[in-house]
Amino acid sequence: GSSHEEKAKDTDRMAVENTGDDKNLVKLTASISATKRIWKQRPIKRTSADKRKNRASEWEKRKRKRELTRETKRKQALYISKIKAERAEERRKREQRRKYKEEQQRKNEIVQVIKDPMKIKKMKKKHLRFIQKR
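Numbering follows my numbering, in which position 64 of the sequence shown is assigned residue number 64; successive positions increment by one, without gaps.
Derived by calculation from the structure, the hints in this document are not laboratory data.
Beta carbons: idealized from backbone N, C-alpha and C, even for Gly.
Just so you know, not all the hints are guaranteed correct.
[Unchecked claim] Here are the computed lysine-lysine pairs in the DSS-like style, where the Cα-Cα straight-line distance is at most 27 Å:
{"no.": "1", "residue 1": "K63", "residue 2": "K73"}
{"no.": "2", "residue 1": "K82", "residue 2": "K93"}
{"no.": "3", "residue 1": "K61", "residue 2": "K45"}
{"no.": "4", "residue 1": "K82", "residue 2": "K107"}
{"no.": "5", "residue 1": "K93", "residue 2": "K107"}
{"no.": "6", "residue 1": "K82", "residue 2": "K99"}
{"no.": "7", "residue 1": "K126", "residue 2": "K115"}
{"no.": "8", "residue 1": "K122", "residue 2": "K133"}
{"no.": "9", "residue 1": "K84", "residue 2": "K99"}
{"no.": "10", "residue 1": "K65", "residue 2": "K82"}
[What the hints assert, rightly or not] Simulated DEER-style distance windows between Cβ atoms:
{"no.": "11", "residue 1": "E102", "residue 2": "L78", "range": "49 to 59 Å"}
{"no.": "12", "residue 1": "R92", "residue 2": "I114", "range": "50 to 60 Å"}
{"no.": "13", "residue 1": "S57", "residue 2": "R91", "range": "44 to 54 Å"}
{"no.": "14", "residue 1": "K124", "residue 2": "S81", "range": "51 to 61 Å"}
{"no.": "15", "residue 1": "K82", "residue 2": "I44", "range": "27 to 37 Å"}
{"no.": "16", "residue 1": "K119", "residue 2": "R97", "range": "55 to 65 Å"}
{"no.": "17", "residue 1": "K82", "residue 2": "H127", "range": "51 to 61 Å"}
{"no.": "18", "residue 1": "F130", "residue 2": "K107", "range": "16 to 26 Å"}
Take the sequences, apply the hints, and build the full model.
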């Protein structure tokens, strides 16, 4: 019984690979997994270390991406300001046309000046609607 326990302790601590020659006995203590499966090799380095292999290039990528977004935002702002300016110009021209039209319409109107206030008092409501004070 005691030899069996000693063997179990030895296999817990390390696995020994025998290639046939006593010279080629290799200790595989590092490669034993927690589940005691000798054929499963433990990873030598962390996988997170693998992900950060090209930190400089990653930084460059991020830098380029940032520059690209800045450039895009700048172009977008320029485009929006251009559109706003065009719309403001259109609005101004529309207002100018409206004023010019009103002016021309007033010039072409036939106007009758009423000097007697009693005449206004005698008028009916229908006629009073058309009276404008200028």
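Checked hints:
no.: 1; hint: K63 x K73; in the structure: holds (15 Å)
no.: 2; hint: K82 x K93; in the structure: holds (17 Å)
no.: 3; hint: K61 x K45; in the structure: holds (25 Å)
no.: 4; hint: K82 x K107; in the structure: violated (38 Å)
no.: 5; hint: K93 x K107; in the structure: holds (21 Å)
no.: 6; hint: K82 x K99; in the structure: holds (26 Å)
no.: 7; hint: K126 x K115; in the structure: holds (19 Å)
no.: 8; hint: K122 x K133; in the structure: holds (17 Å)
no.: 9; hint: K84 x K99; in the structure: holds (23 Å)
no.: 10; hint: K65 x K82; in the structure: holds (26 Å)
no.: 11; hint: E102 x L78: 49 to 59 Å; in the structure: violated (37 Å)
no.: 12; hint: R92 x I114: 50 to 60 Å; in the structure: violated (37 Å)
no.: 13; hint: S57 x R91: 44 to 54 Å; in the structure: holds (51 Å)
no.: 14; hint: K124 x S81: 51 to 61 Å; in the structure: holds (56 Å)
no.: 15; hint: K82 x I44: 27 to 37 Å; in the structure: violated (58 Å)
no.: 16; hint: K119 x R97: 55 to 65 Å; in the structure: violated (37 Å)
no.: 17; hint: K82 x H127: 51 to 61 Å; in the structure: holds (52 Å)
no.: 18; hint: F130 x K107: 16 to 26 Å; in the structure: holds (18 Å)
In summary, the numbered hints that this structure violates are 4, 11, 12, 15 and 16.
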